[in-house]
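Since the structure of chain A is already known, use the hints to place chain B on it.
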Amino acid sequence: MQNFEREKKAIDGDKSAFLELLEMYEDTHYRIAFSYFKNEYDALDAIQEFTYRSLKKLHTVKKPEYLSTWLIRVLLNVCHDMQKKKKRLELHESIEIGQHNDCSYLELSEAISKLSPEQQHLIYLKYFQDLKNEEIASEINIPEGTVKSRLHNALRKLRYFFGEGGQS
Amino acid sequence: MSNFNKQDFEKLKRELEKIEIPKEKIQAARQQAYAKHLHSRKRQIKTWKQVSIVMLLLIAFVTTVRVSPAFAQTIAKIPGFAPLVEMITQDKGVKDILDNQYYEELNIVEIKNDLILTILGTIADESGMIIFYQLEAPYDISELETKKFRLTQNDKDIEAATTYSWAAKDSTKIIEEKLEVVATNKIDYSNPNFQLELTFDDANNTSFTVPFTLKKEIVPTKTYEINQQLEIDNQIIHIKSLKISPLRAEVQITADDQNTMQILQINKLKVLDENGEEWGKITNGFSGFGGFRENDNSIFIQSNYFREPQSLTLVIDEVEALPKGEDYIEIDFLKQEILKIPPLKDFELSLRDFDMFDVSYKSPQNDHKQLLSTVIDANGNKFYSDGHSFRYRENSTTATYSFDLKGAVNPVRVYFNSYPNFLEGSAEINIPLDDKSDSSQ
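Chains as they are written, first to last, in our numbering: chain A, 1 to 168; chain B, 1 to 441.
For reference, chain A alone in the conformation it holds in the complex:
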């Protein structure tokens, strides 16, 4: 049984406890952001915006045990919003992102990034945090059957993107 002492303090308004938590999870968060944008600059931007947004909305988290999954959802929403903004920018100003990283290994993550934030959230919980359907159900407060069907849909969509080899 995990002890959620620090999470509880954070939700109750202890900002240094919350910042410590963010530091604890920073590797996971940064990797999610990086796999989304594939460059350090945007990933850091996302981390900053994510930190600000989560500080602002922290008090809306109901239970300490939901905090870590809630954070991932906030992060994915931030990435999603930034991506939308960037797309608009790129279309209007045809900015070329100068950084070319070797991203071949990130094909799957690219496919993941095309899912809706909600679906991505499920995938991250299931495959990266290794949670069971039952645990996901209780964490995000939906019936287990719904988790199963949503995951199924997400995977089907993934397979489609993956099969098409990234249709952009």
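The set of hints was computed from the structure by calculation and includes no laboratory data.
Hints are not guaranteed to be accurate.
Think about it this way: if two alpha-carbon atoms lie no more than 27 Å apart in a straight line, the pair counts; the simulated DSS-like pairs of lysine-lysine are [as the list claims (entries may be wrong)]:
(1) Lys56(A) to Lys8(A)
(2) Lys56(A) to Lys25(B)
(3) Lys25(B) to Lys84(A)
Quick partial rundown of chain B residues pointing at chain A, CB under 8 Å, derived from the structure [what the hints assert, rightly or not]:
(4) Asp8
(5) Phe9
(6) Leu12
(7) Ile19
(8) Ile21
(9) Pro22
(10) Ile26
(11) Ala29
(12) Arg30
(13) Gln32
(14) Ala33
(15) Tyr34
(16) His37
(17) Arg391
(18) Tyr392
Note that beta-carbon positions come from the ideal geometry of N, C-alpha and C, so glycine has one too.
Here is chain B on its own, set in the frame of chain A:
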């Protein structure tokens, strides 16, 4: 179609783990976000004329209150309960005020453009006024801003520093808050009629004008002339007077011009009665006027107005100071050059931008003190810090400070407001209770 399964995810997981984590940059990003966050939730403060005001904001919010059942009953009867409860837990003077029925209930209701404003009550004395109110709307007002607050008497502004507005909370249709007024000149209650003006940032810019009359007798401030000096670590401190009002006690205290050290802060300043009961500094809210670099300096402590002490002792301990001339940093933000840094052990500074820098220093505890605030530019004009954030780990603090430097001419001097470097020793003086003169100020 590629067949993918758990193994693909495992592979991706391993690949993701290869992504390098720029720890320092992430930390910096987090600090920036925290600074922005702190800045956005600051209460709005307005000061009267040139008086500089010292204000402390508690970052940790009180969530539970432990009070005796009898006391809980007393306060439960008073409307405007939420902001009061917060004050009671942080200031024992406010608890005395309620115990002594000094709170005045008003319950004036005004309705305008869907907004219902109720002035619940006040605590008023010569040193200031706290007005408790409730605002109700048919929609979420958690992020509604208060644009303007004015308190007038005989159509003139009360000369005071004021705070208003609230930090965004959960979405809500009812807000219970307080307006705080700290008078820079003693408030005269010979005419007990006041007028309150409160304007909100809703679609209609709704503005309320509420006249109110105070019926309770306002008790006079007790003033003790002290005019004594004390010495700590060869530095002289002058204690001019102690003024005790129900809302706060004010110690007028200055540093001697001949001192070799610049006094920055007094961390422990308290009054003790004959039984050793203590009244300490204000921990959340207005905490003083002026500063040790200015001609006038007042530090507020919690009030024991409603007590009848046989004797009072003022104790001063943990005095922060830096050698004169070594109490500032000189920077040319334009050239991105640090021109002068005091020779402080373990203190490091790095410029981040044209109005921002990071510092790190050893600190015995995580007390979130604002190290630097005032900036004097090359032309002698004053500017201020507009945000800062902290990170504390193993006896060391890392902080980012940003400044509002519009129109400043480089190079600029940034003065220390606090630094964990202490004078050795402490001092105390007895306050002559006989000298009390109710009328003088």
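Now the hints, each set against the structure:
1. Proximity of Lys56(A) to Lys8(A) is assessed by CA-CA distance (about 16 Å); at most 27 Å being required, the pair is judged to hold.
2. A threshold of 27 Å between alpha carbons decides the hint, and for Lys56(A) with Lys25(B) the separation of about 21 Å falls inside it, so the pair holds.
3. A threshold of 27 Å between alpha carbons decides the hint, and for Lys25(B) with Lys84(A) the separation of about 24 Å falls inside it, so the pair holds.
4. Annotation: Asp8(B) was flagged as interfacial toward chain A, and the flag holds, the nearest CB pair being 6 Å apart, inside 8 Å.
5. The beta carbon of Phe9(B) is positioned within 8 Å of a beta carbon in chain A (closest approach about 4 Å), and the interface hint is therefore held.
6. With a least beta-carbon distance of about 5 Å to chain A, the hint placing Leu12(B) at the interface is held under the 8 Å criterion.
7. Hint on Ile19(B) holds. Least Cβ distance to chain A is approximately 5 Å, under the 8 Å limit.
8. With a cut of 8 Å, the hint placing Ile21(B) at the interface with chain A holds, because the nearest CB-to-CB distance is about 5 Å.
9. Because the beta carbon of Pro22(B) sits about 6 Å from the nearest beta carbon in chain A, less than 8 Å, this interface hint is met.
10. At a threshold of 8 Å, the smallest CB-CB gap from Ile26(B) to chain A is about 5 Å, leaving the interface hint in force.
11. At a threshold of 8 Å, the smallest CB-CB gap from Ala29(B) to chain A is about 4 Å, leaving the interface hint in force.
12. Taking 8 Å as the C-beta contact cut-off toward chain A, the hint placing Arg30(B) at the interface holds, the least distance being around 5 Å.
13. Restraint check, Gln32(B) versus chain A: the minimum CB separation of about 6 Å is within 8 Å; hint holds.
14. About 4 Å separates the beta-carbon of Ala33(B) from the nearest beta-carbon of chain A, less than 8 Å, and the hint is met.
15. With a least beta-carbon distance of about 7 Å to chain A, the hint placing Tyr34(B) at the interface is held under the 8 Å criterion.
16. Given hint, His37(B) at the interface with chain A, holds; its Cβ is 4 Å from that chain's nearest Cβ, closer than 8 Å.
17. At about 7 Å, the closest approach between the beta carbon of Arg391(B) and any beta carbon in chain A falls short of 8 Å, and the interface hint on this residue holds.
18. Given the 8 Å rule on beta carbons, the hint for Tyr392(B) holds: about 7 Å separates it from the nearest Cβ of chain A.
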